[in-house]
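J.: Using the hints, position chain B against chain A.
Protein chains: 2
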Amino acid sequence: MKIIKNPPRADWKAICKRPVLKAENLQQLVNQIFEEVKVGGDKAIAKYTQLFDKTSISTLAVSRAEIEKAERELPNELKEAIQLAASTITKFHKAQMPQKIEVETAPGVICWQEARPIDKVGIYIPGGTAPLFSTVLMLAIPAKIAKCNEIVLCTPPDKNGNINPAILYVANYVGVSKVYKVGGIQAIAGMTFGTEYIPAVYKIFGPGNQYVTAAKQRAAQLGVAIDMPAGPSELLVLADKTSNPAFVASDLLSQAEHGADSQVICVVKSENLISEIEEEVNGQLEQLPRKAIAEKAMENSKFVMLEEEQDCIDFINEYAPEHFIICCKNEEFYTKNIRNAGSVFIGNYTPESAGDYASGTNHTLPTNGYAKSFSGVNMDAFLKKVTFQKISKSGIQNIGSAIEIMAEAEGLQAHKNAVTLRLNSLKND
Amino acid sequence: MKIIKNPPRADWKAICKRPVLKAENLQQLVNQIFEEVKVGGDKAIAKYTQLFDKTSISTLAVSRAEIEKAERELPNELKEAIQLAASTITKFHKAQMPQKIEVETAPGVICWQEARPIDKVGIYIPGGTAPLFSTVLMLAIPAKIAKCNEIVLCTPPDKNGNINPAILYVANYVGVSKVYKVGGIQAIAGMTFGTEYIPAVYKIFGPGNQYVTAAKQRAAQLGVAIDMPAGPSELLVLADKTSNPAFVASDLLSQAEHGADSQVICVVKSENLISEIEEEVNGQLEQLPRKAIAEKAMENSKFVMLEEEQDCIDFINEYAPEHFIICCKNEEFYTKNIRNAGSVFIGNYTPESAGDYASGTNHTLPTNGYAKSFSGVNMDAFLKKVTFQKISKSGIQNIGSAIEIMAEAEGLQAHKNAVTLRLNSLKND
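Chains as they are written, first to last, in our numbering: chain A, -2 to 426; chain B, -2 to 426.
Next comes chain A alone, as it looks inside the complex:
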């Protein structure tokens, strides 16, 4: 890790910069697969599943028998862990359901706002080495609470045409309507256009590699909403002498093992903490099966020493971390003044991995500084808020003249006329 002591504010922007990704230009490949799936449907999907996933499957839809097999196979202790996580996630997200808001904005003018579910949502879960069944929990549970009618899940099959049993178990446990064995660009294209098997959806959620990211961008151009812009995972820990260096090191490493392009930042207020944490990082790193990945990520990572509390929080707000761990005495100062962060973890017994799995908060969070303008996935992501207004005769008499004057001033005579006609009709009332 690099050590940066008391950097002047002019340098902060450069320090906060995330490692630049060499984004290959995938546009042409994405456009081609989208065009083929649009025209050829499931046949085109089968072609690309054969090409990329090296398997040919007779049917895209996961069968009841496959789900039952997954349920039998999955160890009981994993099922119980999943059930505990599902319960905390459900509690926290249910509490977020927006209430109807109603205001009489002027006498006789009633306005209200009500949430409505997004009818059809798609969830993409990557395959590969780590079966991210926890992401199924994080996306499908709020979709169910929101009462989305159709919840579609796509995830790539392995070489034998199978899906990881933990993914199937979770999908079934939380009530996903349909699971399809399809991954990558062709999965996103399928949910964009719809095929014989896969329904077209209005919004696509979920993580993925650069192919999936490029495909989601294409889907967005074609009118399908997406959850948020993608980027490598990241963590910022603020530590002082009340923190436990071993715990801090374990949190830094748990972020670093996500990928070689992950980034961690450790903000400290005093110098001697740096060597203690570094020593722990080096020791723990040796034990990790994903040591090579974590080591590479640690090279991108930084200790930033800032002596003043106000400088610390200003720097953290400038960085806008996806995950922000506060391990310091004056934690209230930071919880009060943090403005830009995805999710915040407070105290020595709140590791970031708690939020990844089982505290109840969502782990789909804005990276790459997007915490300045985006929320993490929460109930709002599965809902639209629709406004309603109902104006009585006396209500339009109260605000009608203001509308006429403003419409006229904007040069919109027909807007004015819609009010004038109504006001005139009431003159004889």
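No lab work stands behind these hints: they were computed from the structure. Don't take every hint at face value.
Which copy is meant is left open, because identical chains are indistinguishable; a pair holds if it fits in one copy or across any two.
[What the hints assert, rightly or not] In silico lysine to any residue, SDA-like type, Cα no more than 25 Å apart, as pairs:
no., residue 1, residue 2
1, 10, 32
2, 91, 112
3, 91, 114
4, -1, 279
5, 382, 109
Fair warning: this is a prediction, and the values are worked out from it, not measured in the lab.
T.: Using the frame of chain A, we list chain B on its own:
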């Protein structure tokens, strides 16, 4: 208007299709101006203001003297109308401010969600024939309520280098921090990169022509959030025999005068209503100063006759109108079952223009079917919801083992280790 009677469901998708826009490829022009503004700052902006707005201005920032002049010049009755609108908009948006949500998801595991303002927001207001001061109300009022630190407004100057006084009056009245005389692509580029005068912002709001739309898309690629995808304005009216044909016609026309590419749909349950409404449309059209525009828009527009209530609401949800007016006896059925709409207007005395100006709801709404997945602008658009969690020693003892098991199953050993270290430290407690 075209008349479509009892269309089968298979035809609905085609009927709901919006007129296809011939989108010129503006990418090259946008990229060039962005590059120049990034490097050249205000000098590049001045060059393009000269080129597109045919004026050279000495300073981009609107002065105190200009604002005072606008205040003196604006007619009192317009000021009072604006103040009434500001009061209803403020009331409705203040009521939407999200509250802190806190849940103990498991014993010792406290999770909460709090809203934080987006620190820096930019508002774009087009120039041209209609000075859209009402949009300043709709975007700046919620930004102020959200406590966004910096609210920047860009709007193009006229040939004499001036801004419409109503725009300046509203901006000052609602508390916009900074107003700049700059329009088009160069304005969006300025708010994306920041210049000597214009601050870089985290999110850009506001309507605009195809140049502004293309520029906002470029800004989004560069990491600046935008309010929503743009499209021509649209309205769907549901009318039965309890509706007033003259009122319905006036609403259809008030939408149609926005632009030749606007679209209106009138869903009716019985045939004889069609001719009554059409007659009113033709009569009122003659009186309109923007007749040519409205006439063109009406050519794209449709009467859709559907006899069954359920078919009506299903069709409307498939269309997903930006504005939806309900003028029928059974209005509760529609307010209850509408799932996809931007803003809903209920009854004979609730014209769509009320929502454009003064009912209190926001007029920045999803078009082109985006109401299936997007909300209109509301308080959420100016906020991020940040999650927090604090876990006690006993809390991590309660959920720690579930985290360990799940992290292990996902192959993320360092995630597990962050918990194991903490649990081990507590064994001797």
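J.: Which hint numbers doesn't this structure obey?
T.: The structure conflicts with no hint, since it agrees with every one listed earlier.
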